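Chemist: Those protein sequence lines, which keep their order, are chains A and B.
Residue numbers for the first sequence, in the numbering used here: 1 to 177.
Residue numbers for the second sequence, in the numbering used here: 178 to 354.
Since the hints were made in silico from the structure, they are not lab data.
As the structure is a computational prediction, the values presented were derived from the model and not from experiment.
Don't be surprised by glycine CBs; every beta carbon is placed ideally from N, CA and C.
Hints are supplied without guarantee of correctness; some may be wrong.
[Stated by the list, open to error] Under 8 Å between C-beta atoms, here's a sample of chain A residues computed to sit facing chain B:
hint : residue
1    : Ala2
2    : Gln118
3    : Leu165
4    : Arg168
5    : Ala172
6    : Arg177
Number of protein chains: 2
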Amino acid sequence: MAELSPLLADRWSPLAFDPGVELTRDQLTSLLEAARWAPSIGNTQPWRFLVGRRGDETYKRIFANLSSQNRRWAGRASALLVAAHTVTDPATRAAYDLGQAVAHLTIQATALRLHVHQMAGFDAAGLRDELELPAEVQPHIVVAIGRLGDPRSLPEDLRRRETALRSRRPLAELMLR
Amino acid sequence: MAELSPLLADRWSPLAFDPGVELTRDQLTSLLEAARWAPSIGNTQPWRFLVGRRGDETYKRIFANLSSQNRRWAGRASALLVAAHTVTDPATRAAYDLGQAVAHLTIQATALRLHVHQMAGFDAAGLRDELELPAEVQPHIVVAIGRLGDPRSLPEDLRRRETALRSRRPLAELMLR
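Okay, chain A solo, but in the shape it has when bound:
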């Protein structure tokens, strides 16, 4: 890996969160502020959020709408955050900017020694119903946030996934010329 800021180099998406850790309100505010100050096209700020903290009703409703695979580990996270974007034409504009905002939140999490794991596996219609999301937003991703836990607490197959080496395409494959 080339020389990267530790906030980027130390970021990865764990499955083993520490089920004993709670996020303070200041930590949550700091994460959301990071997202809030992200750049967006024409400063449109198309990102919208909803946060549940472990034990509260919102967390339970988000958790219940995760895929069964994600429910195997995500309930240990300290917070579950629904990241939605406003409905625009083209929708790719708002989705792109939401991606930037969640990336900024993730970097701030790393700065707070927290970890983040994003999940696309959830029932969007179920979330929309149970959390009464307004029609003008589209939930895009659910973000698990917490402190790193012990991978030995995971079921065998997840533990193997947790300890596998991270990989990416070589840079040359990403370059268009």
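Once you've looked at the hints, dock chain B against the given chain A.
Modeler: Only chain B this time, still in chain A's reference frame:
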């Protein structure tokens, strides 16, 4: 602003780049590596890039396809980068992940004391033609990268924009409950 990592708090999108600064190959590699290690759904890594350095043919072709507003200032940037995503269904998935990758690149730029300004104002069909982009990618944004220059070098109206206070919606407006 809540307590934010300096890499986030110090990030903003200038118009006044220093026209005398060139990026080293190591700096460019570091920026692209930051993007490369971003997370993506199922590790699909849908991001593709094309970089021109001031003075080279790629830079000229990218610059020529910017909107006239962007051409007023972007030619001082040290590099112009086309960020594209692969064509997927739904396209919002790839656009979201591209947003994450460009955000990671931007944070790394801040770590290198560089600045980044993203532009949606460009002729996508023109870029596609002149740079012979493959049909399976969609150029989404052009990113100007460089070192901060003197705002007094800007035309009056751009200087006012450059020195205006940054603003965002209050956090409460972003929360869905």
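Chemist: Compare the structure with each hint and give your call.
Modeler: Going down the list of hints, with the structure as the test:
Among the interface hints, the one on alanine 2/A holds; its C-beta lies about 4 Å from the nearest C-beta in chain B, closer than the 8 Å criterion. Look at glutamine 118/A: its Cβ gets to within about 6 Å of chain B, closer than 8 Å, so that hint holds up. At a threshold of 8 Å, the smallest CB-CB gap from leucine 165/A to chain B is about 12 Å, leaving the interface hint violated. Interface hint at arginine 168/A: satisfied, since its Cβ lies 5 Å from the closest Cβ of chain B, which is below the 8 Å cut-off.
Proximity of alanine 172/A to chain B is violated relative to the hint, the smallest CB-CB distance being about 10 Å (cut-off 8 Å). Given the 8 Å rule on beta carbons, the hint for arginine 177/A holds: about 6 Å separates it from the nearest Cβ of chain B.
Consistency with the previously given hints fails for numbers 3, 5, ordered from lowest to highest.
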